[in-house]
Amino acid sequence: MQRYILNHLRELEAESIFVIREVVAQFEKPVLLFSGGKDSIVMLHLAVKAFKPAKLPFPLLHIDTGHNFQETLDFRDNLVKELDARLVVGSVQESINKGRAAEETGSNASRNVLQTITLLDTLEEYGFDAAMGGGRRDEEKARAKERFFSHRDEFGQWDPKNQRPELWNLFNGRKIQGEHFRVFPLSNWTEMDVWQYVLLENIEMPSLYFAHDRECVNRKGVLLAKSEYIRLMDGEKWEKMHIRFRTIGDMSCTGATVSNACTIEDIIQEVAAARVTERGSRADDKRSETSMEDRKKEGYF
Amino acid sequence: MSNFSNNGYLNMELLRFTTAGSVDDGKSTLIGRLLYDSKSIFEDQYEAIRLSSERRGEHIVNLALLTDGLRAEREQGITIDVAYRYFATPKRKFIIADTPGHVQYTRNMVTGASTANLAIILVDARKGVIEQTKRHAFIASLLGIPHVVVCVNKMDLVDYDQATFERIKKDFQGFASKLNVQDIQFIPISALHGDNVVKKSAKMDWYMGATLMYLLETIHIGSDLNLVDCRFPVQYVIRPHADEYHDYRGYAGRIAGGVFKPGDRVMVLPSGFTTRIKAIDGPEGPVKEAFAPMSVTIRLEDELDVSRGDMIVRENNVPKVSQDLNIMVCWMHPRRLQLKGKYAIHHTTQQARCVVKNILYKIDINTLHRKQEDLEVGLNDIARISVRTTRPFFFDKYQLNRSSGSVILIDENTNETVGSGMII
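First to last, the sequence lines map onto chains U and X. Here the first sequence is numbered in the numbering used here, starting from 1 and rising by one per residue. Here the second sequence is numbered in the numbering used here, starting from 1001 and rising by one per residue.
No lab work stands behind these hints, which were simulated from the structure alone. Yeah, the Cβ is synthetic: ideal placement off N, Cα and C, and Gly gets one too. Check the hints yourself; a few may be wrong.
[As the list claims (entries may be wrong)] As a list, the in silico DMTMM-like pairs of lysine to aspartate or glutamate whose alpha-carbon atoms are at most 25 Å apart:
#	chain 1	residue 1	chain 2	residue 2
1	U	K52	X	D1159
2	X	K1091	U	E179
3	X	K1091	U	E11
4	U	K49	X	E1244
5	U	K55	X	D1124
6	X	K1169	X	D1159
7	X	K1342	X	E1244
8	X	K1342	U	E179
9	X	K1199	X	D1124
10	U	K29	U	E179
[Said to hold, decoys possible] From the structure, some residues in chain X lie toward chain U, with a derived Cβ separation under 10 Å:
#	residue
11	E1013
12	Y1084
13	V1158
14	Y1160
15	Q1162
16	T1164
17	A1292
18	T1349
19	R1353
20	I1408
21	E1412
Whenever a hint applies, use it, and build me the whole structure from the sequences.
Right, here's the structure in full:
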């Protein structure tokens, strides 16, 4: 009977495809949140598999902080073109211009928190009732408590203490008008699973994930890439480093790691040997012990 | 690529297990030990819980903080909700559903158990088999978890005494004989010191069995899913709007049981029409056979009217078709189950409404006795009920197939999931 066993990557793949199909079956207007990071790229890859040979039955939504790496935007646009997919962009800059959001000030200013406002406004504007995100439970302790189908009230809030129980593979996507769901098809994937799958499936990844030379500043152990969004503080200086990014977010808060990993195989070996979590280099998670939970309750990704 | 396939990185099995224990049984310590010894705790995680432990005035690093992620849990020092943890060894990838052990949290245990291949039940060697142990064993059996591992913990506090271990084993077996668990194993451990968790204990040479980690890595899970009775709940119909696929009509879904092959004669429920499978498309392209739990797209020889909620089965092996279901329900909401009440009911990809016709008995999960005098079914209660659905369901007994034998009940006013049911 040994041949009737799926290996862990194929089982995770089967689970995620099931979840993505369930979203399209249960909701009227789903959308796939696409950040240009590895998790959303893998999620998109799975979504394409879930519906082929038909086209994707939902658009992609990118919340653009205006502080993205140019590489991320180029990669996004190429992929969208290649898949003949529909892309909706929610702009944080526009939210600020309209007075919906106010820019943070200070040397650690970031638009990370502001994304929530733009995200919720965009979901409402287009009437999206289910937003699929690439969040994984292994990323962060508040995310470890997430459901696959995560209910959001009319304010977009998450109530972690009062979540619907989720059993077997029976997903309850019922809601009233004005509420929506966040769905996490990659819930059970780890960082390692994602990279192994990228290798197995030969999925193209943005160049930022591979080691390259870049000017960075070391701020309390977080290596931030040189950009117009980072102002040097006293005693800081730009240094040329050989780095790569383990996660890709805003230029203002995504830390790099010193690395020589040039191929997916190298990255897998690096992840296997890593002694800190991938979000260990995210300044946005370091604001407090429960900063992820606090942001998620408000409607963050 | 080849060196990764060779050393197994890309070809591991996935084992899902749940952990159950009473408060202070050392469950968090055990999980911490498994994660720590398999090098799955990262330095920044360890540093974060070390600082938290310090802030809380605790002298040792509290590994429970690894699993208690929510603010309220940290403040109250209790686990409120199921937390999922991940680790891998070169042999397997593991998903732990870590469920709180408090009396009132049966619903979380049921949730964690619903997808598990294996349950670890922790027993404090000083206390032996207590009511909560029985409750955990009962839930593991009710939820059809194929493998149960009883870890008799804190052996260090009973001088690694063999007689204590044997007595607890006998007590547990006595109780478990009334349950339906196929595979029970016992391991004497000390999670705190690591005895028999990952490394074999030097202090219990009388124990000839495997360590917990060895067991988790090697236990045979290939027969856990039903590979005999073919069940394919249609999840979604794929119809590309492109000229080149003008005639394409694919039925997408996840195989709930059995093995399907192109050429198989199949029947579609509820219509009862029969046809043959023309092709099966897997995520990697066409496949010669497809089995549970694969997500595939099935194409049929004949053009039939098939939609979400229908089920494709083998002609000579059909599930039960009925509007009347007998289920063991675990109630998951403070608002009580209403006799004659109407609920939304989800089963595979079918969604309908149902009315609760009868509450037959409640189960006292400490004694396993049936209670017929008190039929109020509230949060965490387990009861046998009968419901009638608005249209026929196609189902199997939960014991035969956890996927085609399970339902959830939803309150139609609040949309909350209020009950989980196993079809009898």
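Okay, the hints, checked on the actual structure:
1. Using a Cα cut-off of 25 Å, the hinted pair U/K52 and X/D1159 is violated, with the two alpha carbons roughly 62 Å apart.
2. Under the criterion of a C-alpha separation no larger than 25 Å, the hint pairing X/K1091 with U/E179 is inconsistent with the structure, at around 43 Å.
3. For the proposed pair X/K1091 and U/E11, the alpha carbon gap of about 15 Å is at most 25 Å, so the pair holds.
4. A threshold of 25 Å between alpha carbons decides the hint, and for U/K49 with X/E1244 the separation of about 18 Å falls inside it, so the pair holds.
5. At roughly 56 Å between alpha-carbon atoms, U/K55 and X/D1124 are farther apart than 25 Å, so this suggested pair is violated.
6. Restraint check: the Cα-Cα separation between X/K1169 and X/D1159 comes to about 17 Å, which is no more than 25 Å; the hinted pair holds.
7. The suggested pairing of X/K1342 with X/E1244 is violated, with an alpha-carbon distance near 46 Å, which exceeds 25 Å.
8. Taking the CA atoms of X/K1342 and U/E179, the gap is near 23 Å; set against the 25 Å cutoff, the hint holds.
9. Taken as a hint, the X/K1199 and X/D1124 pair is honoured in the structure, with Cα atoms around 20 Å apart against an allowance of 25 Å.
10. For the hint linking U/K29 to U/E179, the alpha-carbon distance of about 12 Å falls within 25 Å, and the restraint holds.
11. Hint status for X/E1013: holds, given a least beta-carbon distance of 6 Å to chain U, under 10 Å.
12. For X/Y1084, the interface hint holds, since its Cβ comes within 10 Å of a Cβ in chain U; the closest pair sits about 5 Å apart.
13. Checking X/V1158 against chain U: minimum C-beta separation of about 33 Å lies over 10 Å; hint violated.
14. A cut of 10 Å between beta carbons decides the hint on X/Y1160: the least distance to chain U is about 34 Å, and the hint is violated.
15. Against a cut-off of 10 Å between C-beta atoms, the interface hint on X/Q1162 is violated, since the closest Cβ of chain U lies about 37 Å away.
16. The closest approach between the C-beta of X/T1164 and any C-beta of chain U is roughly 35 Å, which is over the 10 Å cut-off, so the hint fails.
17. Because the beta carbon of X/A1292 sits about 8 Å from the nearest beta carbon in chain U, less than 10 Å, this interface hint is met.
18. Proximity of X/T1349 to chain U holds as hinted, the smallest CB-CB distance being about 7 Å (cut-off 10 Å).
19. Violation of the interface hint for X/R1353 is found here, the shortest Cβ-Cβ separation to chain U being roughly 12 Å, above the 10 Å cut-off.
20. The beta carbon of X/I1408 is positioned within 10 Å of a beta carbon in chain U (closest approach about 5 Å), and the interface hint is therefore held.
21. This hint holds: X/E1412 has a C-beta 8 Å from the nearest C-beta of chain U, less than the 10 Å allowed.
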